[in-house]
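Chemist: Sequence:
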Amino acid sequence: MTVNSKDALMAAGIRGEFFESMARAPQHYLRLATRIQSRTAVEQFRFLGHLPSMRQMLSDGRRIQTLAVESYDVASEVYECTCSATRSEFDDDQTGQIRARVQEMAQAAATFKDYEISQLLIHGDEAGYNSYDGVPFFSASHESFESGAQDNTQTSAAATGTQPTVAEFQEALATAIQRILGFKDDRGNMLNLAPTGLVAVVPPNMYMVALTALGGTVIAATDNVLKGAADLIVMPWLVSETAEWYLLKADTPICPFIWLDRDPIEFEARERGSDSAFYSETYVWGARDRHKMTYGRWSGAVKHTFT
Numbered sequence: 015m016t017v018n019s020k021d022a023l024m025a026a027g028i029r030g031e032f033f034e035s036m037a038r039a040p041q042h043y044l045r046l047a048t049r050i051q052s053r054t055a056v057e058q059f060r061f062l063g064h065l066p067s068m069r070q071m072l073s074d075g076r077r078i079q080t081l082a083v084e085s086y087d088v089a090s091e092v093y094e095c096t097c098s099a100t101r102s103e104f105d106d107d108q109t110g111q112i113r114a115r116v117q118e119m120a121q122a123a124a125t126f127k128d129y130e131i132s133q134l135l136i137h138g139d140e141a142g143y144n145s146y147d148g149v150p151f152f153s154a155s156h157e158s159f160e161s162g163a164q165d166n167t168q169t170s171a172a173a174t175g176t177q178p179t180v181a182e183f184q185e186a187l188a189t190a191i192q193r194i195l196g197f198k199d200d201r202g203n204m205l206n207l208a209p210t211g212l213v214a215v216v217p218p219n220m221y222m223v224a225l226t227a228l229g230g231t232v233i234a235a236t237d238n239v240l241k242g243a244a245d246l247i248v249m250p251w252l253v254s255e256t257a258e259w260y261l262l263k264a265d266t267p268i269c270p271f272i273w274l275d276r277d278p279i280e281f282e283a284r285e286r287g288s289d290s291a292f293y294s295e296t297y298v299w300g301a302r303d304r305h306k307m308t309y310g311r312w313s314g315a316v317k318h319t320f321t
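Each residue of the sequence shown is one higher than the one before, counting from 15 in our numbering.
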């Protein structure tokens, strides 16, 4: 790295490097979560009952039907990532390691919300990881007024243990699609969801099987009718979930996850002229974000477990 390129990393230069690197990183949460701009420390999410079906207006005029309300409170949280280098390390860096460190910080910041979604998926069937209806996000006990009990979990056997074949994954996918399409609203009416905007989220060990199941034109000498039925995302943080995968519907007004966006991510540098540089000859760079990733509509998600 030349002296001029080092100077370019100072202040505005290093900030630009950070945000350019962030923009290049994959950020699946932008699709899987509904962004809610927050203006307070705590937001109350009110999930109104679905509007009733259209009906012919008769001589008695409109029939007013009230909406059931379910709600829960969500508080935003502050997250940070900070690194430092001595002035000597900065001045002596001839291989671009400082720049690489900033780029790695940007990637960590960009993918953190994806990591949060992976944790919500992993723990979604546990007590305390509840949906707005008061039961775990993945549960056989989702019930809202006249809907009856509904289940967004399913299991099936894999002949080789917990690692499915392509055919087994396709069968699980078809069942999961049917399950999402069969969910009802709080009045017992079908949600009228279309088989669009579907995303299969899988752990690394299941990636190639899912890729073949969703992308192959012909499988076992048979036309693949499920080709393109869902997009595919592999999340590395699901490495411990070797037998589970998830089908999400990501094109509804309220997605399976909600991103409560309180303060957008910001980046600050304390370099030449700062107190830390003067007193300890240390340059410091830090990112800060205030948000909360939480559960949205459970009816847009199905968890499948191979046994």
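Hints in this document: simulated from the structure, not taken from any laboratory.
It is possible that part of the hints are untrue.
Claimed, not checked - Here are the computed distance ranges between Cβ atoms for each label pair:
| id | residue 1 | residue 2 | range |
| --- | --- | --- | --- |
| 1 | G162 | A39 | 41 to 49 angstroms |
| 2 | N206 | Q51 | 22 to 30 angstroms |
| 3 | M204 | L72 | 18 to 26 angstroms |
| 4 | E280 | G242 | 35 to 43 angstroms |
| 5 | E295 | E91 | 28 to 36 angstroms |
| 6 | G242 | S73 | 42 to 50 angstroms |
| 7 | Q51 | D74 | 13 to 21 angstroms |
Backbone N, C-alpha and C define an ideal beta-carbon position, used for all residues, glycine too.
Chemist: Confirm or reject each hint.
Modeler: Hints, one by one, checked against the model:
1. G162 <-> A39: 41 to 49 angstroms: 43 angstroms, holds
2. N206 <-> Q51: 22 to 30 angstroms: Because 28 angstroms falls inside the window, the suggested range holds.
3. M204 <-> L72: 18 to 26 angstroms: Distance hint for M204, L72 holds at roughly 24 angstroms.
4. E280 <-> G242: 35 to 43 angstroms: With Cβ atoms ~39 angstroms apart, the hint holds.
5. E295 <-> E91: 28 to 36 angstroms: 33 angstroms, holds
6. G242 <-> S73: 42 to 50 angstroms: 49 angstroms, holds
7. Q51 <-> D74: 13 to 21 angstroms: 41 angstroms, violated
When held up to the earlier numbered hints, the structure conflicts with hint 7 and nothing else.
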